[in-house]
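So the sequence lines, in the order shown, correspond to chains P and R. Read in order, the letters of the first sequence are residues 1 to 351 in this note's numbering. Read in order, the letters of the second sequence are residues 1 to 304 in this note's numbering.
Hints are supplied without guarantee of correctness; some may be wrong.
To be verified - Restraint-style ranges between C-beta atoms, simulated for each label pair:
(1) R:E192 / P:D6: 49 to 59 Å
(2) P:K134 / R:K300: 52 to 62 Å
(3) R:W271 / P:K38: 42 to 52 Å
Said to hold, decoys possible - Calculated lysine to aspartate or glutamate pairs in the DMTMM-like style (CA-CA distance at most 20 Å, straight line):
(4) R:K236 / P:E292
(5) R:K236 / P:D291
(6) R:K227 / P:D291
The set of hints was computed from the structure by calculation and includes no laboratory data. Glycine included, every Cβ here is placed at the ideal spot set by N, Cα and C.
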Amino acid sequence: MASWLDSLKVVVCTGTGGVGKTTMAASIGLKAAQSGRKTLVLTVDPARRLADALGLSLRSDGVGRVNSDKYVLDAAMIDAKRIFTEFVQQASPRPEVADRLLKNRLFQQLTSTISGSQEFTSLERLLQAVESDKYDLIVLDTPPTNHAIDFLRAPERIFALFQDSVTRWFVKPSGGLIQDFFSRGTQTVLSALEAVTGKGFLTELSEFFIAAAEIQSTVAKRSIAVHRLLAQSDTGFVLVTAFDEAKLKEGLEFASELGRSGHHLRAVIINRALPDWLKPAQDKALLASGDEVLQRLVEFHGRLAEYYESREKIYLSTLGRMHEDVAFCRVPEGREAIEGISGLERVIQFL
Amino acid sequence: MKRENQKVILVTGKGGVGKSAVAASIALIEAKQGKRVLLAELGERGFFRHVFPGAGDVRPVEVTAGVDAVRWEPEACLREYLLHYLKVEKLVDLFFSNRVMRSFVGAAPGLRELALLGKITSGPRGVGPDLPYDVVVVDAYATGHFRALCMAPVGMAAAIRVGPMADQSRMMTELLKNSKNTKMVIVTLPEELPMNEADELCQFVNQELSISPAIVINRNLPMPLSKQELDSVQQKLVGRDGSMDWLQIFANYMSEQGGRQEAADQRVRGWGVQPIHLPFYFTADWPTLLREMSQDLGHKWQVG
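Hey, can you work out the whole structure from these sequences and the hints?
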């Protein structure tokens, strides 16, 4: 049977934290690999969930291969700091430029905090993997964000930092910083900034921009390539969402925003839906069996089943409003945590 | 109310553990005790708009008696901070309409987090506009991002050693460490991954900020049967005919779940903390959930 996955070359797994995104990314990867496609799963997950799920020990940024003679499934951790450093080194025209940037304290903060750098590096890593041409499918597990759309917004902020129009403010053609080059407006703003932050900040800031200017053309090129890749019709976004009404509403918003920005949402995976062992009780006779303890258990089962059912109803009615091109997958909550390939195989049947 | 006595309660935990519900419940509890409460959420898109009609605005809106809700955005906070220093609105406008500054503010490392933390701690620090509340409850970021939030002033103070921003950053860290003003709540579930994250986070705030956080273990299934009863039921069900399978599975599940809940409790005690347990609520309706949760938490909150 044709699946939503078959036509895709890149899958971007999005969703807010705690919804089981990494596990779903691993499952999608396994499913594709088992259908005969060479597959790579990329994750930034520091909790090593992917490695655990696939039974691999991954060195940081190393690629590991799942032990199987039936299919090719590779997995890699994305080491944000390392990718950023390598990116700067490759983009710099001279080693001194890279050095200057890497030693800049603001740059160091940029690569060690979460504001956008993880998103930037995971997209860069994705692009590298696509360009390597070694895989039929690449699945990207995105960094946890407050909101799924943040994944697309954050790198834009980093790209903006390196934009020509920005760096030009700080740099004259010969490469030095010139205060007189600034418009009066910028000068006023800069001196105000200096008053608020202190002098050191401004020095670091201008040093940062002067160095940034030198790698700016590479950043621009990569950024265009990333945008193009993400908007391609064989790049599909997958939204992983949990069994929670508010999360689902966020998912719907995400879907419409993706559409507006020219990206393609291909599937919504509802994780931890009604557990299969919690199907409504078939045997009401037990309630009248006279065993008081057993009755209490049956009653409790009924209560829990009712709760899950009511949520499922809310879910289905909300989902009715989504676009028909989007595949829906329900992954029921299992009794045990999903571990190893066998755990993922349980998930695959629902995708 | 004296500004320096304002209490700041930061609620964090792994994504999906019920941070927002716990934060809102704490706000309701404090309001019930007669306090004036601000329930703050962070970022460009709030969550409470799905829960309280009218919530999600960048200005405080009363959502229930004694509780105002607000959504703090990094950029707006930075703007407010600059205005506080520069005093001239025009200059701040100029700053934000400047393309260079705008993209810098957008991507500058840690600046967004710093602006938010600056706002969060602005009451007791006595900086910026008046925040007329006895208690500020913050539905803060999830684990990783929360660390970045806490560490933003440390990083900034290291990058720029002198000047007002470095001083402010050091004050923020001081305030976070001051248990008179700041309380931290880590929400977790009786499951392995949320527990691991809570463990790491607890160690992190212990070491970096010398804080001992309150730990809330959320969604504990109330056990309808005692351990012994479950054991005997499981024994009884063995050997029954096929139609009984579902109950057998359920009995096993309940027994495993009981084990997980007990293990979570023990683990938190191992960190030297008395955990606060919250039950699983059989409702998808937020008003009902908050009413019940704030009632249950209310009894335990004073102790913790």
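Check each numbered hint from earlier against the structure, then list the numbers of those it violates in ascending order. The structure conflicts with hint 1 only, although it agrees with all the remaining ones.
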